[in-house]
Structures are given as structure tokens and as C-alpha cells.
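K.L.:
What follows is the residue order along each chain.
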Amino acid sequence: DGGITQSPKYLFRKEGQNVTLSCEQNLNHDAMYWYRQDPGQGLRLIYYSQIVNDFQKGDIAEGYSVSREKKESFPLTVTSAQKNPTAFYLCASTKGQAGSYEQYFGPGTRLTVT
Amino acid sequence: AQSVTQLDSQVPVFEEAPVELRCNYSSSVSVYLFWYVQYPNQGLQLLLKYLSGSTLVESINGFEAEFNKSQTSFHLRKPSVHISDTAEYFCAVSDPRGTSYGKLTFGQGTILTVHP
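Residue numbers (our numbering), protein chains in the order written: chain A, 4 to 117; chain B, 2 to 117.
One or more hints might be untrue.
To be verified - No more than 30 angstroms apart at the CA atoms, straight line, and that leaves these computed lysine-lysine pairs for DSS-like:
#, chain 1, residue 1, chain 2, residue 2
1, A, 60, A, 74
2, B, 70, A, 98
3, B, 50, A, 12
4, A, 98, B, 50
Honestly, the hints are just simulated from the structure, not real lab data.
Could you build the full structure based on these sequences and the hints that come with them?
P.N.:
Written as C-alpha cells, this is what we have:
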């Protein structure tokens, strides 16, 4: 059964700690994305990667970091520099080829930092 | 740069009534358009998309959307809603050119609440 998995579903951390959110896909997609969702603000792009070992900043990259060492995996680290990290984080992927623009989403991770 | 505006943050309706969720976009180039649906505490699911061809696109569960280039709109409609349609709906656009392909710009979302 192909899809995107994100773990854990709920994550709690103390302020000042870095935390890494997992995203794995078995769809053989080239491109992967991280979004942050806050009530009333839609989805905002944090980072994206269109190929292994390469990634670009999205609209709100400050305080976040990513890596793309394998095609299937695109972990997101929320660093202590992120001023307001509590949010719902969504990972997505797409084939990355011309004509295939549909993004597939994971179930999300809700991060709470206190 | 592209932007998407969903004109209503919340839309309450009664069951079996028709509904329209409005979406306008701004872009200097041709775009691809999408509607996604999100149920509470879940990821987004694609509802329907417009890439080219017929300006009226339909989903398998009775929703439809019409691409209107002159008005830069992609409104979502359903003639008769069910309780199970209660969810948040997102309109999104994608620029298919060059290195931007695949990137989506989302609207702020519209919460549809269907009352019995």
C-alpha cells in the first residue's frame, strides 16, 4: 500500500530543544515538501526538495532545517531558533515530472512546544 | 508571484442545500488549479484539479469546480451537501513552468459545516 507516513502523530517538547519530524514515502516520488499549518492561515511552505541531496527554502524556512539523503525520506528539524514552533506539520510529495503536479499528503504531526 | 484568496473563512449550510466555496487567484502566467479537503487532524486529500481542457471538472463525490480565466476564479460547488462533507477545503495553484513546477500556493481555507 503506497503512501506517505509521518511520525509521530503528536509530539511534545520543551522550549529550547530541537526536534525532528519524520516523513517517509514509498510512492517513488522525486519531490517532497514540508508545510506548516496554523488556524486561518492555510498551508505555508517551509522547505522542498526536488531531488536527492538538494533542497530549497520555502516561504518560512527560518528556524527549520532539512536533509534529503534518500529519495524516500525528508526529515524536518525544528530548531530552538524557531520563535513559534507549535503547529500542525504536513509532509507531501509529488512525482516531480512535467504533467504530474498532484501532491500527496501525509497524515501530519502536531507539535506542541511549552 | 502567485496568490490565492478564499473569500469565505466559514460556510455553514443545512444538509441537502447547495453550496459554493469561492476561490480567486492572481498570477501572471497560466496555472494549474486544485481543491483539497481536510478532515480534522488529518492530511489533505485531493478533491479535484484543473490542468487543461474542459473548464468544468468534477469529483467522484459530487463536487465540481469551474475554471474561469477572465475572472481568475475556481469556485467549488455541490448541489446537495451531506453531513459527511463537513471539513476544511483548500484551494491551491501551481505554476507549471521551470524549477517552480510542483510547488503549490494555498488559500487560507474555508471551513464547511453542514447542519442536520
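K.L.:
Which hints, by number, does the structure contradict?
P.N.:
Every hint satisfied by this model.
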